[in-house]
Each structure stands twice: as C-alpha cells, then as structure tokens.
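*Asks:* Use the sequences and the hints to build the structure in full.
Take a look at the letters that make up each chain.
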Amino acid sequence: MSNEELTERVRGIIAATQHVAKEKIAADSTFQELGIDSLDGINILFAVESEFNINIPDDAAQNIRSVRDVVDGIAKLIDAGQGGAAAVRA
Amino acid sequence: MQRRVVVTGIGVISAVGHNWCEFWRALREGRSGIGPLEAVDRALLRFQNGAEVRNYIPANHFDEKEIGLLDRFAQFGVVAAREAVSNARIDWTPELREETAIVTGSCVGGQTTEDEGFVNLYRNNIPRVNPLTIPRTMENAAASRISLELGVVGPTYTVSTACSSSNHALGQAFWMVRSGAARMAIAGGSEAVFSLGFLKAWEAMRVVSPDTCRPFSRDRRGLILGEGAAMLVLEPLESAVARGATIYGEIAGFGMSSDAYHITQPSPDGAARAIRGALADGALQPEDIDYINAHGTGTVANDATETVAIRKVFGAHAGRLAVSSTKSMHGHTLGAAGAIEAVATLLALRDGVLPPTVNYNEADPACDLDVVPNVSRRASIEFALSNSFAFGGLNAVIAFRRG
Chain A
23 MSNEELTERV
33 RGIIAATQHV
43 AKEKIAADST
53 FQELGIDSLD
63 GINILFAVES
73 EFNINIPDDA
83 AQNIRSVRDV
93 VDGIAKLIDA
103 GQGGAAAVRA
Chain B
5 MQRRVVVTGI
15 GVISAVGHNW
25 CEFWRALREG
35 RSGIGPLEAV
45 DRALLRFQNG
55 AEVRNYIPAN
65 HFDEKEIGLL
75 DRFAQFGVVA
85 AREAVSNARI
95 DWTPELREET
105 AIVTGSCVGG
115 QTTEDEGFVN
125 LYRNNIPRVN
135 PLTIPRTMEN
145 AAASRISLEL
155 GVVGPTYTVS
165 TACSSSNHAL
175 GQAFWMVRSG
185 AARMAIAGGS
195 EAVFSLGFLK
205 AWEAMRVVSP
215 DTCRPFSRDR
225 RGLILGEGAA
235 MLVLEPLESA
245 VARGATIYGE
255 IAGFGMSSDA
265 YHITQPSPDG
275 AARAIRGALA
285 DGALQPEDID
295 YINAHGTGTV
305 ANDATETVAI
315 RKVFGAHAGR
325 LAVSSTKSMH
335 GHTLGAAGAI
345 EAVATLLALR
355 DGVLPPTVNY
365 NEADPACDLD
375 VVPNVSRRAS
385 IEFALSNSFA
395 FGGLNAVIAF
405 RRG
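Here the protein sequences come in this chain order: A and B.
Last residue of the first sequence: number 112 in my numbering, and the count goes up by one each step with no gaps.
Last residue of the second sequence: number 407 in my numbering, and the count goes up by one each step with no gaps.
Worth flagging that the hints you see were computed from the coordinates, not collected in a lab.
Fair warning: this is a prediction, and the values are worked out from it, not measured in the lab.
Treat the hints with care, since some could be wrong.
[As the list claims (entries may be wrong)] DEER-style ranges, computed between Cβ atoms:
{"no.": "1", "chain 1": "A", "residue 1": "E26", "chain 2": "B", "residue 2": "I138", "range": "50 to 58 Å"}
{"no.": "2", "chain 1": "A", "residue 1": "A82", "chain 2": "B", "residue 2": "S262", "range": "28 to 36 Å"}
{"no.": "3", "chain 1": "B", "residue 1": "G407", "chain 2": "A", "residue 2": "A102", "range": "53 to 61 Å"}
{"no.": "4", "chain 1": "A", "residue 1": "S24", "chain 2": "B", "residue 2": "Q52", "range": "32 to 40 Å"}
[Unchecked claim] In silico SDA-like pairs for lysine to any residue, Cα to Cα no more than 20 Å straight-line:
{"no.": "5", "chain 1": "B", "residue 1": "K204", "chain 2": "A", "residue 2": "F68"}
{"no.": "6", "chain 1": "B", "residue 1": "K316", "chain 2": "B", "residue 2": "S262"}
{"no.": "7", "chain 1": "B", "residue 1": "K204", "chain 2": "A", "residue 2": "T29"}
{"no.": "8", "chain 1": "B", "residue 1": "K204", "chain 2": "A", "residue 2": "S72"}
{"no.": "9", "chain 1": "B", "residue 1": "K204", "chain 2": "A", "residue 2": "K98"}
{"no.": "10", "chain 1": "B", "residue 1": "K204", "chain 2": "A", "residue 2": "A69"}
{"no.": "11", "chain 1": "B", "residue 1": "K69", "chain 2": "B", "residue 2": "R182"}
{"no.": "12", "chain 1": "B", "residue 1": "K316", "chain 2": "B", "residue 2": "D368"}
{"no.": "13", "chain 1": "B", "residue 1": "K204", "chain 2": "A", "residue 2": "A82"}
{"no.": "14", "chain 1": "B", "residue 1": "K204", "chain 2": "A", "residue 2": "E27"}
{"no.": "15", "chain 1": "B", "residue 1": "K204", "chain 2": "A", "residue 2": "I64"}
{"no.": "16", "chain 1": "A", "residue 1": "K98", "chain 2": "A", "residue 2": "E27"}
{"no.": "17", "chain 1": "B", "residue 1": "K204", "chain 2": "A", "residue 2": "P79"}
{"no.": "18", "chain 1": "B", "residue 1": "K204", "chain 2": "A", "residue 2": "D81"}
{"no.": "19", "chain 1": "A", "residue 1": "K46", "chain 2": "A", "residue 2": "T29"}
{"no.": "20", "chain 1": "B", "residue 1": "K204", "chain 2": "A", "residue 2": "K46"}
{"no.": "21", "chain 1": "B", "residue 1": "K204", "chain 2": "B", "residue 2": "R222"}
{"no.": "22", "chain 1": "B", "residue 1": "K316", "chain 2": "B", "residue 2": "V357"}
{"no.": "23", "chain 1": "B", "residue 1": "K204", "chain 2": "B", "residue 2": "F395"}
{"no.": "24", "chain 1": "B", "residue 1": "K204", "chain 2": "A", "residue 2": "L61"}
{"no.": "25", "chain 1": "B", "residue 1": "K204", "chain 2": "A", "residue 2": "E73"}
Glycine is no exception: its CB is placed at the ideal position from the N, C-alpha and C atoms.
*Replies:* So, in structure tokens, the structure goes:
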C-alpha cells in the first residue's frame, strides 16, 4: 500500500471518528489543529488498530500527535509484519 | 448541633493484607502487592501486572449458598465490614440497628459476574444467563449483604462515582453522623476489577503501566489496577467515649466538586475546590494539614495536575507538606480507593508514620512535592487529607484528625 493510500485511509478514519468532513483533515494536520484531545486520540488509535488489524504499543501511542504520526506508525507496524490481509485491503 | 465524628472500627482486604494489621504493616514497610496477574490470561493483555488479593478463599468466609449470591467485589466488602464491626465491638440494640446507616462505594460492581455470564451467552452459545447475575452484579450488593447480615435497617445505599466512589460514600456517612441523621454508620467501598473484558477496556484507555505504579516519579508510566475493600465504623465522639470504644481517629471535614471540564482529563481547579471544601467543612486552615494521602495514580496527567492543585491551595505550605501515594503498594482500587486510603491516613495519624510512595526513581519537576519516596517516615501529625479524583471530573476529599 502506498503512502498516499495509507494517508487517505487514515484521513477517512479520523473524519469518521471525529464526526467531521474528511476535507477538513489534511495530511499534515496536527491533532492540536484538529481539536483532537487525549481521549479522541486513543479513540482514533482504536479505530486504526481495528481497521488495519495492528497493535499500537502504548509507548508509540504517546508520541502520536498528528495525521503524519499515525500514518508513519501504521507503516512501521505493517513493515514489521503486522496487519496481514486487513492492512492491504484497499 | 454538630457532633464530632470518630472512627471506631476499620477493616481492610487488599493486595497487601487480608486485614487492617497486615495491610498497615505492609504500608509501613513499603511493601508493594503489585505482581503478574493471575486471574486472567496475560497473553491477551498488553499490560501484565496488577494488585490482586492473593490466596483469598471464599469458603473461609462464606458458605456455598452465600458464595453463589455474592460476586468477589461484594465478598470483599462484607469481609472488610465484618472486621470493622468486630473491632468496633458494637452493642447492637433494635434502636441502634434502626439508626445506623450503611453507605458503600463501588465503581463497577459485580462486573466479573457479568463478564462470565456474557461469555457464556455470546461466545459459548449458552442461551441462559444465571438468574443470580442481577443480584450479584448490582453495585449495592455489598451494602445490602452487610445490612442483611447485621440486621441494620437504617438508611443504606451505594454511591458510584468512579474512582471517587468510596470517598463520596465516607463523606455522606460522615455528614449523616455529624448532623444526627444517623447514630452510627458503616461506610467504605469495595471493588474487584480483574476480569478480561474490563481489563481490555482499561488497556484501550492506554493509562495502565506496562511495569509498575510509580506515582510522582519522572519515569511513571501509568496506573496499576488493584482490588479489595475497606470499611469504617463512624460514630459521634461522645458515644464512642461513653462506651469506651477504641478510637482510630476523627473525620474532620469533607469536600466535593465537579470539574465540568473534560470527561477523562483532570483539572487542577476542580481538585483544588474539593480540597478547599474539605478544609472549610472542617474549619481548617491550609497550614493545619501535615500530610496528604494523594490520589496519586501514577499517570502522567493525574500526578502533575494534583501537584498543581495542591500548590494552588497550600501555596508556600505545599513545600512543608508530606504527600504520598499508597496506590504504589495496593494499586488503584477504583471505587474502593478512598476507603482503603482513608484507613492508611487514619493509621498514619494514629501511629505517627507516613506511608511512602514506593517504586519512586526520579524527581519530576512537574511533581515537586515531598512524596515520602520509598521509605516510610516518622512524623507526629495532627491533620491529614485523603484525595480522590474520578474520571468524569468528580472530586471528593476527606480531612482527618488524629484521635
């Protein structure tokens, strides 16, 4: 899966979780800009984990503060072999 | 007329002791009850440790029929209440039974029972759920059982305000006895948190430590869940003295507040208002307080926010206060936390020993208080506070005085 595809899916997940239009979420938005607080953040990670069938460790989760951080984090876990079919589903 | 209210009975069951003597010895010695979880399959969890009540054998306390009726959380509540009532040596009369209140706290009640029932229903395709699930699960199960057992027929109820539950319960009981609405009260809280479904929900919150609980330490990584119960017997000073009861200490004030800020993030303003409320209720000045048994969960957010709240209320005196979190030893017992920590605070006053914050490694500039690191300390103290701050922004603080 390309980085663009991954970013698109992450934008979609954040839009759905936050109940906002996907257009409002840019690839380089920070959580702070989007008004995403700590509870919203763990809710987004929960949705990401479910969507990609991955497990994001707590330590990594603490450093995720932007759309880019989410995308990079997922890519790293998929590269490490997590996710299986769910991770490549378009 | 306002009565002075004293504690004449205490009972505890926790990860560091099955009665108050064992519990207090462990706290004085700085012994932690945190260890690898045994109640659930750890392979299914990211975090591995908890503060479990080990070697607890229900049959040592209850017959088989009672065990069928009582979830682990309710059993803990009853065991603690029996100990408290027994060492209060109450001479029950029909009138006293009518005028005694029971107020308990629990955050999640019998969710272990609920979890088991739903596993059968959803996973094992067993279409029937045990009819005792409802009476076992209800948050007031412990209060009701204590009432039945003792024949206490006065006001009996349960407060559920997450991690503040049993401080709210104790505060309500304290006010009832102080005002004369009740002649005596049995109050506290109990909790049994170790079922897989509930632990998975905590895992998803990402606030549970992967190793241990290190309150106020710079390298703290979250809370550690605990289970157990504590119950206290409260009565007016006058009647306690008249009947020659052992007095463990006095409850001097109670304050509560709501943050109205965020459902999970703490607010220093809300916490500070509850602390000020407890001081005002007890006609105390900030300088009167020598020790605070902190909420001190070991999360990054709580400990820093609690420090700010304490500094707000106590100003320069915050630097002279001792503040420790005994959750580092008995874990965060949610709805039982206030009651367990009330016992720790009362015994600290009684014995002039401040229980430590164990597992403490490194000072954090955001938690720049004297946290009694790792080793208990002798200190003759007169007044102390016990803080509870809950998810949902609900705060309850109790002020205690040496008996």
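*Asks:* Compare the structure with each hint and give your call.
*Replies:* Structure-based check of each hint:
1. A C-beta distance of roughly 53 Å is found between E26(A) and I138(B), which places it inside the suggested range of 50 to 58 Å.
2. Checked against the hint of 28 to 36 Å, the C-beta distance between A82(A) and S262(B) comes to roughly 34 Å, which is consistent with it.
3. Checked against the hint of 53 to 61 Å, the pair G407(B) and A102(A) passes, with Cβ atoms roughly 59 Å apart.
4. For S24(A) paired with Q52(B), a C-beta distance near 37 Å keeps the hint of 32 to 40 Å intact.
5. This hinted pair checks out: K204(B) and F68(A) have alpha carbons roughly 12 Å apart, not beyond 20 Å.
6. Proximity of K316(B) to S262(B) is assessed by CA-CA distance (about 17 Å); at most 20 Å being required, the pair is judged to hold.
7. Simply put, K204(B) and T29(A) have alpha-carbon atoms about 28 Å apart, too far for the 20 Å limit, and the pair is violated.
8. Proposed proximity of K204(B) and S72(A) is supported: the alpha carbons are some 14 Å apart, at most 20 Å.
9. Of the supplied pair hints, the one linking K204(B) and K98(A) is violated, its CA atoms being roughly 24 Å apart against a limit of 20 Å.
10. Between K204(B) and A69(A), the direct Cα distance comes to roughly 15 Å. Compliance with the 20 Å bound is thereby established for this hinted pair.
11. Proximity of K69(B) to R182(B) is assessed by CA-CA distance (about 38 Å); at most 20 Å being required, the pair is judged violated.
12. The hinted pair formed by K316(B) and D368(B) meets the criterion: a straight-line CA distance of about 18 Å does not exceed 20 Å.
13. A threshold of 20 Å between alpha carbons decides the hint, and for K204(B) with A82(A) the separation of about 18 Å falls inside it, so the pair holds.
14. About 30 Å separates the Cα atoms of K204(B) and E27(A), which puts this hinted pair outside 20 Å; it is violated.
15. The suggested pairing of K204(B) with I64(A) holds, with an alpha-carbon distance near 13 Å, which does not exceed 20 Å.
16. The suggested pairing of K98(A) with E27(A) holds, with an alpha-carbon distance near 15 Å, which does not exceed 20 Å.
17. Distance restraint check for K204(B) and P79(A): the Cα-Cα separation of roughly 14 Å lies within the 20 Å cut-off, and the hinted pair is therefore satisfied.
18. For the suggested pair K204(B) and D81(A), the alpha carbons sit about 17 Å apart, so the restraint of at most 20 Å is met.
19. About 14 Å separates the Cα atoms of K46(A) and T29(A), which keeps this hinted pair within 20 Å; it holds.
20. The suggested pairing of K204(B) with K46(A) is violated, with an alpha-carbon distance near 32 Å, which exceeds 20 Å.
21. A distance of roughly 26 Å separates the Cα atoms of K204(B) and R222(B); the hinted pair therefore is violated under the 20 Å criterion.
22. Only pairs whose Cα atoms come within 20 Å are accepted, and K316(B) paired with V357(B) is rejected, the gap being roughly 26 Å.
23. Proximity of K204(B) to F395(B) is assessed by CA-CA distance (about 17 Å); at most 20 Å being required, the pair is judged to hold.
24. Restraint check: the Cα-Cα separation between K204(B) and L61(A) comes to about 16 Å, which is no more than 20 Å; the hinted pair holds.
25. Proximity of K204(B) to E73(A) is assessed by CA-CA distance (about 18 Å); at most 20 Å being required, the pair is judged to hold.
Checked against the numbered hints above, the structure breaks hints 7, 9, 11, 14, 20, 21 and 22 and satisfies the rest.
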